[in-house]
Amino acid sequence: MKNKFLGIPYIIWMAIFVVVPMFLIVGYAFTTREGGFSTGNFSNMLSYAGVFGDSFLLAIIATLVCLLIGYPISYWMTREGPGVKRIALVVLMLPMWMNFLLRTYAWMSLLENTGILNELFSAIGLFKLINAVTGSNIDHFPMINTKGAVVLGMVYNYLPFMILPIYNVIDKIDARVIEAAQDLGANSANVFRRVIFPLSLPGVISGITMVFIPSVSTFAISKLLGGGKTLLLGDLIEMQFYGNSYNPYLGSAVSLVMMVIVLVCMAIMNRFGDGEETAVML
Amino acid sequence: MKRNGVFSRVCMILTLIFMYAPIFVLIVFSFNASKSRTVWTGFSLHWYADLFHDTRILGSVATTLEVSVLAMVISTVLGTLAAIGFFSMRRRSRAVVMAINNIPMTNADIITGVSLMMLFVFAFGAFNATLGKALGVTLKTGFGTLLLAHITFDVPYVILSVMPKLNQLDPHLYEAALDLGAQPSYAFRKVVLPELMPGILSGAMLAFTMSVDDFVISYFTAGSGASTLAMEIYAMTRKRISPEINALSTLVFVIVLVVLIVVNVHSVRQERARQKRDLAWKRADG
Chain A
1 MKNKFLGIPY
11 IIWMAIFVVV
21 PMFLIVGYAF
31 TTREGGFSTG
41 NFSNMLSYAG
51 VFGDSFLLAI
61 IATLVCLLIG
71 YPISYWMTRE
81 GPGVKRIALV
91 VLMLPMWMNF
101 LLRTYAWMSL
111 LENTGILNEL
121 FSAIGLFKLI
131 NAVTGSNIDH
141 FPMINTKGAV
151 VLGMVYNYLP
161 FMILPIYNVI
171 DKIDARVIEA
181 AQDLGANSAN
191 VFRRVIFPLS
201 LPGVISGITM
211 VFIPSVSTFA
221 ISKLLGGGKT
231 LLLGDLIEMQ
241 FYGNSYNPYL
251 GSAVSLVMMV
261 IVLVCMAIMN
271 RFGDGEETAV
281 ML
Chain B
1001 MKRNGVFSRV
1011 CMILTLIFMY
1021 APIFVLIVFS
1031 FNASKSRTVW
1041 TGFSLHWYAD
1051 LFHDTRILGS
1061 VATTLEVSVL
1071 AMVISTVLGT
1081 LAAIGFFSMR
1091 RRSRAVVMAI
1101 NNIPMTNADI
1111 ITGVSLMMLF
1121 VFAFGAFNAT
1131 LGKALGVTLK
1141 TGFGTLLLAH
1151 ITFDVPYVIL
1161 SVMPKLNQLD
1171 PHLYEAALDL
1181 GAQPSYAFRK
1191 VVLPELMPGI
1201 LSGAMLAFTM
1211 SVDDFVISYF
1221 TAGSGASTLA
1231 MEIYAMTRKR
1241 ISPEINALST
1251 LVFVIVLVVL
1261 IVVNVHSVRQ
1271 ERARQKRDLA
1281 WKRADG
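As they're listed, the protein sequences go chains A and B.
The opening residue of the first sequence carries number 1 in my numbering; numbering runs sequentially from there.
The opening residue of the second sequence carries number 1001 in my numbering; numbering runs sequentially from there.
Some hints here could point you the wrong way.
[What the hints assert, rightly or not] Here are the simulated distance ranges between beta carbons: (1) A:I60 to B:V1096: 30 to 40 Å; (2) B:Y1020 to A:D183: 37 to 47 Å; (3) A:I261 to B:A1182: 46 to 56 Å; (4) A:L184 to B:K1190: 48 to 58 Å; (5) A:R33 to B:R1056: 31 to 41 Å; (6) A:S136 to B:A1062: 46 to 56 Å; (7) B:P1171 to A:R194: 38 to 48 Å; (8) B:A1062 to A:S122: 17 to 27 Å; (9) A:K172 to B:V1265: 17 to 27 Å.
It should be emphasised that the hints constitute simulated quantities derived from the structure, not laboratory data.
Quick caveat, the model's predicted, so the values are computed rather than measured.
C-beta: ideal position from N, C-alpha, C; glycine also.
Make a model of the complete structure from these sequences and hints.
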C-alpha cells in the first residue's frame, strides 16, 4: 500500500496555491508601484508603528484573559462526570456553528450606549446610585467603540479555542500518575503544580497559538466593536487590498512583517514546552 | 480526583452566560415585530416568512453549501491520497512536505486570503493579457477561485486527521491480505480503507466545518463574482443587519443543536450497550 506517487497531485497543488503565493507576498513586499526592488514599503510602515503596537497589545491582553478564564474552566471541566463533560463540550462547540460576525454584531446590541446592558443597569438604578455616591452625572457606561470592547470581542470569539486544547490534554492525563504523586505524599496543590500543570503545557501552548494568531490579525471585530476608531493590523492589510488606498505592495510588506513576528513568537514559545500539534485537534 | 465546589460551578455558569448572552439576544430579536435590535416591540414570525422570499440571502446560503460540499469532497480525496503518499516517503522528504502542509493552518487567515488573492489577480492578469486575448477568454475571480481557496485550506485538516490512522495501521494486515491472494487494489479497499475510515470521516467533517465557518479567506478570494453567507452578513453590518439573518441563524442553531443531541445520545447508548456486553462476557468467564 506504500505509494509515494499518490502524494504528487497535492504536492503540485501546494506548490501552486501555498508556495507561490508566499513568494508573491515576499516579492510584492520588496517592490514599489513603479516596479523595481526597494525597501521603501518597510520604511513607510514606520508611520503605522502605532497600529502594530495596538494590535499586539490588544491580542496579548485578549490571549491572557482567555488563558485566565480558560485554564480553570478546562481544569474544572475535567473533574466533572462523563455526562456533564459531554454536555459541556457540546455547549462549547455550539456557538461556533453560528457565524462569528453575527455573534459579534449581537454584542453591539448589548454594549451600545442605549443598548441592552445599559438599559438593564439603568433599570436597576445603578447609574442613580453611582451619581448619588460620586456626584457625577452619567446615564450610561461608554462600552461600544472602545478598545475594551475589541478585547471583549476577541475573548468572546476565541475562548473556545483556548478551552478545548487545554481540556483535551488535562483529560488525557493518566489518573495513575496523579495517584502515584498522591501516594508519594504530595498534597493537592503540589499535585497540581508538579504534575498536572507541567503535563498540560502542550495544551496551553496550542491554546495560546489558536487565540493569539486570529486576534492579532482580525479586522472584522475591530470594525464592529471598535467602531473604526482602533485600527488594527488586519484592518491595515484589508485597506491595502479593498479600499481607496489600493496598495498591495504595502499590504504585502505589512503581512510579511506580521507573519515573521508571529512565527518568531511561536518558535520561542515552542521551546518552552514541547508543543505537540496533536493537542490542537479535538 | 476531587469534585468541583460551589465557586468553580458558579464560574463555569458565568462563562456559559458570557458565551450565550449574545446568542440569546440574537434569537429573541429574530421574533421581534420591528426592525430594532435593542427594543422589543412584540412577537412576530414575519422575519422568518421574509427570509424564505429573500433570494439574496437564500442564494448566499446555497453558494456557501455548494462551495463547502465541493471543497469537502475534493479535499477529502486529495488529502487522503496525499496522506498515504506522504506516509510512504522517506523521513526527511516527509518532514518537508508536512511543513509546507502546515503553512495554511499556522498562517493567519488574512495572510492566506491575501496571498491567494494576489495569486489569482497575478495569474489571471497574465493569462488575460496573452493567451486569453488570443482566445477571447477573460478569467475573473468568482466561484471557481473561491473553491480553489477552500480546497487549499481544507486539505491540511484532512491530512492531519488521516495521518494518525496511518501511523496506527499494522502493515502486516495488508501483507497478510496479499499472501492470501488479494489483488493490491482489493486488499487496499477491504483492509486498509476500513482502518483509515474514522480518520477520513473526521477529516471530511472538519473540512466542511472550516468551509462553512470561513469568512476571511472567502472575502479575499471570491471577488465580486460569488458571495457566501458570511460575506453577505459582513456587507450588511456596514448598514444594518436585517432580522431575517437572525431568523436564519436561529434555524441553523436549532438544527445543529438537534444534530448534536442525537449524535451524543446515540453514542451514549452505544457506550452503555458495550459496557453491558463487556459485563456479560466477564460474568460468562467468571
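Hint-by-hint comparison with the structure:
{"no.": "1", "hint": "A:I60 to B:V1096: 30 to 40 Å", "in the structure": "holds (32 Å)"}
{"no.": "2", "hint": "B:Y1020 to A:D183: 37 to 47 Å", "in the structure": "holds (42 Å)"}
{"no.": "3", "hint": "A:I261 to B:A1182: 46 to 56 Å", "in the structure": "holds (53 Å)"}
{"no.": "4", "hint": "A:L184 to B:K1190: 48 to 58 Å", "in the structure": "holds (50 Å)"}
{"no.": "5", "hint": "A:R33 to B:R1056: 31 to 41 Å", "in the structure": "holds (36 Å)"}
{"no.": "6", "hint": "A:S136 to B:A1062: 46 to 56 Å", "in the structure": "holds (53 Å)"}
{"no.": "7", "hint": "B:P1171 to A:R194: 38 to 48 Å", "in the structure": "holds (40 Å)"}
{"no.": "8", "hint": "B:A1062 to A:S122: 17 to 27 Å", "in the structure": "violated (44 Å)"}
{"no.": "9", "hint": "A:K172 to B:V1265: 17 to 27 Å", "in the structure": "holds (24 Å)"}
Hint compliance for this structure: hint 8 is the single one not met.
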